[in-house]
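**Student:** Letter by letter, the chains look like this.
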Amino acid sequence: MVTVQMEEKGIFDQFKDWYTNRHEYAKAWKEKGGKVMGYFCTYVPEEILYAANILPVRILGSHEPQDVTEPHIFAMFCPFCRDCLAQGLKGRYDYLDGIMIAQSCLHIRQTYTSWDLHIPTDYSYYLPHPMHVQSPQATPYLREELIQFKKSVEDWIDKPITNYDLKRGIEIMNANRRLMNQVYELRKKRNPPVTGLEAMYMVVSSQMTDKHEHNRELESLLQKLSTRDIGDPGERLMIIGSEDDDTEFLAMVEDLGATFVTDDHCTGTRYFQEEVNPSEDLLNAIAERYVKRVPCPSKDWPKRTRLDHIIRMSKEYDVQGAILIQQKFCDPHELDTPAIKEELEKNGIATLFLEFDVTVPIGQFKTRVEAFLEIMREEDLF
Amino acid sequence: MTTIGIDLGAKNTKVVILRDGEILTTASVLSGFDQKASADEAVNNALRNVGIARDEIKYITATGAGMDAITFANDTVTEISANARGITAVFPSVRTVIDVGAEEGRVIRLNENGKVVDFGINEKCAAGAGAFTEAMARALEVDLEKMGEMSLKSTKAVPMNAQCTIFAESEVVSLIHQKTPKEDIIRAVHDAIADRITSMARRVGIEKEVALVGGVANNIGFVDSMTRNLGYDLLVPKDPVVPEFIPAYGAALLAQDELNGG
Amino acid sequence: MSTTKYPSERLKSWGKAKTLRENYYRDFAEAHDKGGIRWAGGAWSFDAIPAGLGEDVWCLTGEPYGATVAFNKELALECQEAIETKGFARDLCSYMRNYWGSIILNKYAWPQYSEEFPKPDFMWQDHICCSHAKWYQVASDLEGGIPTFSIDVSVGPYEELTESRLNYIVGQMHDGIKWLEKTTSRDYNDELLIKAVQNEFRTCHYWAAICELNKTIPAPLDEKSMYALYVLGTLRKSSQWTADYYEKELYPEIKDRVKRGIAAVENEQCRIMTDTQPPWAFLKVFRYLEKYGCVSIGSLYTFSLIGLWEDKEDGTWGPRSIPEIEITNRDEALRALAEWNLSKPEWQHFYHPKLKSEMMIRIAREWKLDGVLLHFNRGCEGLSLGIAENRLAIQKAGFPVMPFEGNMGDEREFDLTRTMARIDAFMESLGMKKLVD
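Residue numbers (the working numbering), protein chains in the order written: chain R, 330 to 711; chain P, 15 to 276; chain Z, 165 to 601.
Don't read these hints as lab results, they were simulated from the structure.
Note that the structure is predicted; figures quoted are calculated from it, not measured.
Take the hints with a grain of salt, since some may be wrong.
Here chain Z is said to cover these stretches of chain P; the calculated rule only asks that three of the stretch's residues, wherever they fall, bring their Cβ under 8 Å from a Cβ of chain Z [as the list claims (entries may be wrong)]: (1) 92-100; (2) 259-272.
Taking lysine-lysine pairs in the BS3-like style, the calculated list, with each CA pair at most 25 Å apart, reads [to be verified]: (3) Z:Lys-598 - P:Lys-129; (4) P:Lys-50 - Z:Lys-180; (5) P:Lys-129 - Z:Lys-346; (6) Z:Lys-455 - P:Lys-129; (7) Z:Lys-346 - R:Lys-632; (8) R:Lys-675 - Z:Lys-250; (9) Z:Lys-597 - R:Lys-632; (10) Z:Lys-346 - R:Lys-419; (11) Z:Lys-342 - R:Lys-621; (12) Z:Lys-169 - Z:Lys-532; (13) P:Lys-196 - P:Lys-167; (14) Z:Lys-532 - P:Lys-72; (15) R:Lys-419 - R:Lys-364.
Where is the CB? At the ideal position from N, CA and C, for every residue including glycine.
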């Protein structure tokens, strides 16, 4: 059972605060004179935005029921893409100077295009992005796209982005990735000093705060974590699936006595695991990073590379059970789930499949998670 | 010139007799298995009310789910056109009509001439607004007529996650088990229906003024939920007809229009 | 009450289209008996490329196959239930589920040619919709592993095409040819590739030319018939038989119908278009529209799933001209093929619904429409992408729109009675009365 000791309570509060008050944070940041870019998918090369001193903010939903998107997005598309658009239509992101997307799944693309149509924004960019990331043609193609994108940003801010700027952008992003990887490394311990909920606050907040500040907070966190002990984790779980910032769900599961020790989410490891390997050609280096990162299932073909990756992670983190959770109607994940489930079970890892909606029926899910944990516990006895 | 409008709905069959634009009488009977017989009965009841012989009727227009069964009608029109015609006669300023009946919900957008410019009819999952309220009244052992009043006494909004009525029913059962006050459950039921109807209305697009018709419009609790959800005041017809008679009234008016040369 | 206004007659080349389609499914089933190769892929695959492997190469395209299954209600349900028990979600592309179901059940939708589902030698797919490459990834798993190559074509709208975007596709094509040679152990024949590319030009041009003739009042073709004709282009657009059929048989016949004033719907008094694939098991919806004298002249979908279009000098929308270029080698052929396909109207909305709205409004004006029926197709997220925005834009342009929900390949998600009721209300709102009961 995880019990966070009194004296250590609060070491993740800053992350939680950034996540909860994301709009206040961005508005205050903007006061200092910079531009804020809302982005829709983690394939967006934030390095170039940091190089241009633009604050990238990932647009996420608010998990409240809404119907303002009814005229804009057909109901068969995922609740996440509709929830995100609702935030725009309700004016909650009215401080954004620009919006952009890097091409990935069709669902979130509709959020971008409807936003582009109905919410006036100074700058809007659709970044074509290779779906065939396993092809040797992908990196040279993305490199050319990044050249065009960089030029477009330069025109917008009316200032060139130098090689020095790009290096800075890469460094700040890489530092953030390195630090979060170090925190995740600690979760491999027998008694991880971090809960899944805390890790989620940490990663998701990094998608909406200035990484200079986020890095400083991570450095101080790492110092505190070295001596932190929050006890026996109970069942070691992994959570796998689509966009997920459903903190309520994670809290519920961990309250039942289990701990998430790692994840495969774009609000988790898929966001930060790989660094850019700086080389002479900086844009090529950035392109390579986004081509070779652990892919979103929409780009994971013809081979399903995530299978090996997930199994490898499950071993490194000594995972006993996996919750496969995805946004309802998320086709790319639905196309991978049966294969992942089979592979995990073949490797002795119990699985539970759940579907997200804008709001989670916490009562129903609790019953299912309890049953899942009970089964795992019974198996432990024999 | 006397005309009749018949609305053969999923639950009730409603009849309006019109003479030179004035409503002479209305009648309503339960829609039975034999739909034509129900229509006959409702028409006969109405004629008897005002002592008019059947052959004095110049034109009959039928509408509603069972309209094709009314073989004695001169013409049929959909509920969309009937509603549009009916509401325009009562409230000429209305641009959006929301019709919530026993089994179906509809949203109709009109232009300044009362012409239909767009409409929506609920998809399967949002079906059964009226029937659902009735089932819930039974489950809660509350008179259907009391549902509205009781829900206004609710002090707490209880969210219902379910997207379809079957799941909603099971959620209501669990609320009962959790000893949630009846008033709050009833409000939750009304909010849930209002939610689904509002979603459809947003799809079609809402323009002022907005009218609410259909049997469920008599339920003040539901009207309250709808008003809150929609963010618009709702016009609910009282005179010359009550909400559930609007389509029959519209059909009778269309019959009259037909005689006046379309 | 019915008044016939226009002469009408059956299409003479109808039977030929039917035969070509049957031959196609037969040839795929019998390919191995003839010592040939068979491959599977999508209707948008670059089928001209495997054509270079020889003249004994036959293919099966997944979308028309999934639609064929949808026509057979029992088989469709069997396929869908089989794939659901494997853990695949019900909201996935219904063609794909029908196709996968065929694999697990080992049942071919054309039992007269083969009881068993013929196993392809390789998969050759394109990718623009999230389901494309993943479709054959799963199919390969279900078949126990079949070599698969997919080409990503989602490089942004045609109007913003750059050299590097084109290179990305052409590069994958070159890689694909090397892969084909390795996978099949055959030498690649560039002459055959060039011939196939030229056939494809003709197919796409003439299909659009046929659709353009539907600007005429009365329309010589109705959409329900067009479905049986455009399908050839989705089976094998680069084949000589498809190109010849469109150019030498169908196009002259439709032109002649226009000249003689032959109508597809004899009492035509109302013209509409639809959008996306229809619910295949319920094409009677179109017959129902005819009771109102309403003809569906087609859709952006039927016009340009295969047909290619361009702006004409007089400002109208017409068939894209066949490129007047000499193709002398593989690279030129591949470049021309990629560039040609990227102008496909049905590929543009993947980047922004406004591109599709513009084309739809254009059709509504140039084909003189009274209204638009939009099929919010739960079975295809690719073509339903942005459809809600299309509805708003078309309405804003002044055309009445009736949306209806359904599913092209899964009849459990279509409600015929309600759709008919909706059509009644829509026709009434357009001021139409039923001409026939």
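**Student:** The structure should be examined with respect to each hint, and the outcome stated for every one.
**Tutor:** Checked hints:
1. 92-100: The restraint on the segment 92-100 of chain P holds, since 4 of its residues have a Cβ under 8 Å from chain Z and three suffice.
2. 259-272: violated (count 0)
3. Z:Lys-598 - P:Lys-129: holds, 19 Å
4. P:Lys-50 - Z:Lys-180: Given pair P:Lys-50, Z:Lys-180 is violated - Cα atoms ~49 Å apart, limit 25 Å.
5. P:Lys-129 - Z:Lys-346: This hinted pair is violated, its Cα atoms lying about 66 Å apart.
6. Z:Lys-455 - P:Lys-129: Given that 25 Å is the threshold and the Cα spacing comes to 23 Å, the pair holds.
7. Z:Lys-346 - R:Lys-632: holds, 18 Å
8. R:Lys-675 - Z:Lys-250: holds, 16 Å
9. Z:Lys-597 - R:Lys-632: violated, 56 Å
10. Z:Lys-346 - R:Lys-419: violated, 55 Å
11. Z:Lys-342 - R:Lys-621: holds, 23 Å
12. Z:Lys-169 - Z:Lys-532: holds, 18 Å
13. P:Lys-196 - P:Lys-167: Holds: P:Lys-196 and P:Lys-167 sit about 10 Å apart, inside 25 Å.
14. Z:Lys-532 - P:Lys-72: It is violated: about 39 Å lies between the C-alpha atoms, which goes past 25 Å.
15. R:Lys-419 - R:Lys-364: holds, 21 Å
Violated hints, listed in ascending order, are 2, 4, 5, 9, 10 and 14; each of the other numbered hints is respected by the structure.
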